[in-house]
Amino acid sequence: MSKTDRRGLFRLGAAFGAIATAASTGARAATVAPPADNAWSNALGAGVDSRPYGRPSRFEKNVIRRYVPWLSPTRNADASFTPLQDHHGIITPNGLFFERYHSGRPSIDPKDYRLMISGRVKRPLLLTLDQLMRYPSVSRIHFIECPANGATEWPAAQLNSLQFTHGMIGCAEWTGVRLSTLLDEAGLLPDSRWMLATGSDGAHMDRSLPMVKCLDDCIVAWGQNGEAIRPEQGYPVRLVVPGWQGNVNVKWLRQLEVGSEPWITREETSEYSELLGDGKSLGFTWAMNAKSVITFPCPERSLTGGPGFYQIHGLAWSGNGRVKHVDVSLDGGVSYHRAALDGPVLSRCLTRFTFNWRWDGKPALIQSRVTDETGYVQPTIAQKHKFWGRDPVYENNSIQTWQVLADGTVNNVQLS
Amino acid sequence: MSSSRKVLLAVTGFAAAIAAARAGDAPAPSYKGIVPAATLEVWRDLGTGNGALTHYKPATPPGHYGIGTAPTMQQIGGWTIAVPPDGSNLPPGSGTVAAGEKLFSSDCAMCHGGFGEGAHGYPALAGGVGSLAGAAPQKTVGSYWPYATTLWDYINRAMPFYAPHTLKPDQVYALTAFILNLNGIVNGKFVADAQSVKRVKMPNRNSFNWKDPRPVTHNAACMKNCAPPGSVRITSSAAKMGLTPRTTGPVDDMKGSSK
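Chains as they are written, first to last, in my numbering: chain A, 1 to 416; chain B, 1 to 259.
Any given hint could be a false lead.
Said to hold, decoys possible - Once the Cα atoms are required to be at most 25 Å apart in a straight line, the calculated BS3-like pairs of lysine-lysine come out as: (1) A:324 to B:224; (2) B:57 to A:122; (3) B:201 to B:189; (4) B:189 to B:102; (5) B:211 to A:386; (6) B:255 to A:61; (7) B:189 to B:168; (8) A:386 to B:224; (9) A:362 to B:224; (10) B:102 to B:168; (11) A:362 to B:240.
No lab work stands behind these hints: they were computed from the structure. Just so you know, these numbers come straight off a predicted model, no measurement behind them.
One chain only, chain A, in its complex shape (with noise of 0.2 Å):
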């Protein structure tokens, strides 16, 4: 470079400088936008270089996973909740993925990662991430949800936000080898009924899935959304049973143990198991039932703009196949209308509803309400109370229900 073409970038620099020392000086402030520029449009943004891993707006930055402080005692062992009122689309930002720790989250070494495959094989196995990648991999697009969500809103509605009431559940892209080829290459013995899948987290936490489920559709994952799982959600490995409850997908992933008959661990007895009233319990849930929710408006968006249109939108699943349709009420379930379902329609996924309403200004019982492919019609709080009573801890796949107040105000209630 000469030293002319020094002097030339060096005064074209200092141009720089003075033009957004005049942007800063205010000189120009006394005129709104439009028809004035926004002082960004007069100003050099900020390099390539700048944000090597990139992340939302700084203006975003309230849009994050949120925890309730009464329901652990300890960060460690406890669960945030997925910022729904903020969710856009069927995929949920790998920052904003719900997230459950049983002895918190490890960080580990993908260089020290193994994976064992073991118990009644014909070929007990030990693969490094380079090794299990190495596999024929499939990536799919499935929601994992805590079967706790919604557990405080059993008794009666007592969370007002749709992000602490709905917010145990998130949906990504995941890629990996499918389980099936894994226990296809070590080769199950005969009476090969179950599989122990346990992390490596503290907690060696362990969940017994039958083996049925494991040679169906189940996948040993390593990718989340286009990039390596991140940490909150098992890296480098997690297992995904689609349309399980969220535990039953261990992360931190180490061991798929094969045997004849489940090991009745302490998160399948202790946790993860239901009281049934009269002293009895039930051990195993695992499908998690359709459900829906609206999820604008809702208490964290409320209806700002005055009577008038408003799209109502939300999310639907089913841990049983794809979302068949989704119905919209406005009167409290006295009638309901067909909402259109948008984007994908995936077995085990978020599936997108949008209804579009002209908002008459008056107060208004807001609700949403799937059936799945295999009729299965999502039920009311009351019928739920009715069938199981209030105290269950899980599967609370009920209809919600949002009272919207004249204000635009939205609350969260539960109806007769």
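Starting from the known structure of chain A, arrange chain B on it as the hints suggest.
Just chain B now, kept in the frame of chain A:
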């Protein structure tokens, strides 16, 4: 609802009671008379999808891809820690109630209380017998856990919370003996070992159903006149419960201030 009525969830699971307004008018249904089916048969049916697996054909023979190595017996043994109800994977060793009491006082009582009554919101390990059918069920090892092998397994794999899977087998046996004794399931002279633990009959052993006996909660795909006009009544509202952390601004720790 006052903060004292907010019932804390069990530390490593969401199975304990959730803060319950109990504003209800409908009594809980009873499943009285349900007798759990023969456990092994149910487990076999569940595992194979009622025999559907007999037709399973592997896509490839074992070793088809040839990727990976064979773990040594030592490697398999080190990671295969799960103990099923038949106790088949319990290691050699033993522990007394007295040894367990000493260890419990130093390593466990700060969270679980000196007598396993629970502390600071961490789970109780003893008590609650006879409470499961009532309005305030208390799930503890003694009142709820169906197998003593699960107690050994969980202490071994996950405890103590701050240093999981660091206890020696003798220590795990001792703690198992002490916690069973706290619950009155074994006497003070009990010595826990591979034989005695699997023989312990837990009080709640026969109360577990492994298939859901509850009716499927049906709804109708009704579109019009689904309820009589005017019959819709709000039975509860979360608006004034005071239980909801803020969902705007920084994370709300509900301590009156936030960072």
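Okay, the hints, checked on the actual structure:
no., hint, result
1, A:324 to B:224, "19 Å, holds"
2, B:57 to A:122, "15 Å, holds"
3, B:201 to B:189, "17 Å, holds"
4, B:189 to B:102, "15 Å, holds"
5, B:211 to A:386, "20 Å, holds"
6, B:255 to A:61, "21 Å, holds"
7, B:189 to B:168, "21 Å, holds"
8, A:386 to B:224, "22 Å, holds"
9, A:362 to B:224, "20 Å, holds"
10, B:102 to B:168, "15 Å, holds"
11, A:362 to B:240, "21 Å, holds"
The structure shown violates none of the earlier numbered hints.
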